[in-house]
Amino acid sequence: MKKLKLKENQRKNLKQILHELSSEKYIIRNKKYFRLNRRKDKSNLTGIIDFGKDGRKVIRHITGKKDEAVIYSIKAVKNQRYKAGDKAEFKLIRKDGEETAVIIRIITEGKKFVAGRFENYQTYGIVYPDSKEIKQEILISTDNFNNAESGDKVNVEIINPEELSTDNPELRGKITEVFGKSGERVTEELSILRKYNLKKEFPLIIEEEAEKISKRIDLKNRIDLRDKVIFTIDPEDAKDFDDAVSIETTESGEYIIGVHIADVSHYVTHDSLLDKEALKRGTSVYLVKNVVPMLPEKLSNDICSLKPDEDRHTFSVFIRLSKRYALKGYEIKKTLIRSKRRFTYEEAQSIIDNGRGDFADELLLMHKLSKSITLKRLKAESLDFDSNEVRFEFAKTGEVKNIELKKRLDSMRLIEEFMLLANKCATLFVKELSRKLKITLPFLYRVHDIPNKEKMEELSEFVGQFGYSINIEDKNSLRSLLDSIEGRPEEYIINDLLIRSMAKAVYTTKNIGHYGLGFKDYTHFTSPIRRYPDLIIHRILNEYIYHTEKIKESAGYYKTVLQDICRHSSSMEQNAEQAERESIKLMQSEYLSRHLGDEYDGIISGIVQYGIFVEIIELLTEGMIRFRDMEDDYYEFNEKKHIAVGRRKRKIFRAGQKVRIKVIRVNMESRKIDFALV
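Position 96 of the sequence shown, counting from 1, maps to 98 under the working numbering, and the rest follow consecutively.
Note that these hints are calculated values from the structure, not bench results.
Derived pair list, reagent style DMTMM-like, types lysine to aspartate or glutamate, alpha-carbon separation capped at 25 angstroms: (1) K309 x D412; (2) K409 x D388; (3) K89 x E159; (4) K457 x D485; (5) K309 x D229; (6) K409 x E364; (7) K373 x E419; (8) K674 x E151; (9) K291 x E584; (10) K522 x E383; (11) K93 x D566; (12) K512 x E545; (13) K342 x D355; (14) K477 x E383; (15) K522 x D388; (16) K9 x E555; (17) K282 x D52; (18) K370 x E333.
Restraint-style ranges between C-beta atoms, simulated for each label pair: (19) E406 x A382: 32 to 38 angstroms; (20) E179 x T271: 32 to 38 angstroms; (21) Y612 x I128: 21 to 27 angstroms; (22) Y636 x E111: 52 to 58 angstroms; (23) K455 x F387: 16 to 22 angstroms; (24) V392 x K660: 17 to 23 angstroms; (25) V392 x L206: 32 to 38 angstroms; (26) K409 x L206: 39 to 45 angstroms; (27) Y126 x Y612: 31 to 37 angstroms; (28) E111 x K438: 44 to 50 angstroms; (29) Y636 x D412: 46 to 52 angstroms.
Positions of the beta carbon are idealized from the N, C-alpha and C atoms, including for glycine.
Construct the entire structure; sequences and hints are all you get.
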């Protein structure tokens, strides 16, 4: 290294890179020197070792096609040792038509943690896992209790036995953390964080790097917009403001919409510790009572946040619309803004409704444009899904006081439409630049594949029970369905199922378009404080716009790393969504646990072998009427007709039917809510 005459920071970076390459076995260390590992087989795959439902080890491999995990069983090899959580290189062998993984080597060692309820049986303990993936009980020896008591919710590190019996595989573990008593809300909130590997706190070294970041304003390559009328519109409880908007009318009567996004890439530089931590987290996670940020608070809530009356670095998209609201052009520039006002959605809506208040002219014009843009989008190929969300009101004691449906305000739609346009324009820019330069520039796309035919057939059958019919081959038929259910009692249930019937939107380097939005070109550009893909898009645009002399070099680099970033980001997004859903279900369970015996109007959302799912309309909360609790008859599930039928009285229950129920049981630990018919 001395011969290279590197600076101190360059030497540290090189050491870190060499260490990573060595740990991944791309290079091999020989005393003072490194050499290439020529034995590394490019045809081999990598994956994470985990446990299957029966306790046997499997390996999870993320495919390149649909960003989904494929699980392979592992062929036992004598004297080979590996643990759940290890990252491994493996090859596939085929025997009797089945593919099995053979572990080549362990790339990095890992650990497997599971949360669950502990029970003390004196000479041993058992943890009953919360995980849906691991059904098997985990045996705990007395020296690994860690002071846990029966009924405690605990975190367990699974210890891999040296050899497992093929007939009765046993999982063993040691308790690393005691959360509290199972079923208590604070305990369950903590277990959700651990279950999904979410950490609110950042390592000290990351916090220190964030604290060192300077607030100094840099106008190089930036347009100064500090005198312009620019403001933010966000939820009342928002703390990280990553987007602001502006509007202007040209002399020719055209409109210029400005979408100004926090320039996080100005502070979070490539391959810095902050960048690596942000990539690892992938996204901010918004649980009901906890936010797990992607970036430290110094950045997310301060330096990068577009607070009013503060100078902020931004990346802006200027969108030019014709008098008839058609997209005429756009520009993407680095800018410096000073937000004039922080609106909540409710404040902006009040001004839209009454025509009076701060920046009323701008808000009213924005509202007019957004309505027209929405209509044009829906007349084209777009589906307008209403996301069904609830809002929780808490008492001073911390208990859930009330649950209500979130209203979708015009001010929210306004911001949504402007962000959609900005995301679309960012993608169009790279597409047009590729065409101009006659090279394929790598890019990160947000794509949404066409729906699975089987799922659409199930949807068709389900909505038929409500009296609706759809042509699964015709997208317009789905749009008509959405129009038909608006304002109906079954709206939320059908809308929910329709969303679940769609393919999952994911990140990828291959552009297949966005089916739901009806866009041929789309990405995520507008939320770099809370989504890593947006941060990467900013970085790519900066390279492609302001460093054109190095564009081929940049393209070569992104070609090698982007797909891995896409896979990881898609995976972390799905992890966040699951955690958020479980957090909502926990709060709904807590609320109804204090309303046992209370009656509500509900609508049947589905029927299965053991009971009837009912959604409380006013709370958007689902529970079950179990057949065993229906005392007026013996009910059976007719799978062919998707109905429940009483054996003696022949009374029928079907999806979409309104029912009156009362709450009879709530299990906070499992988040299960049971109803009975009134």
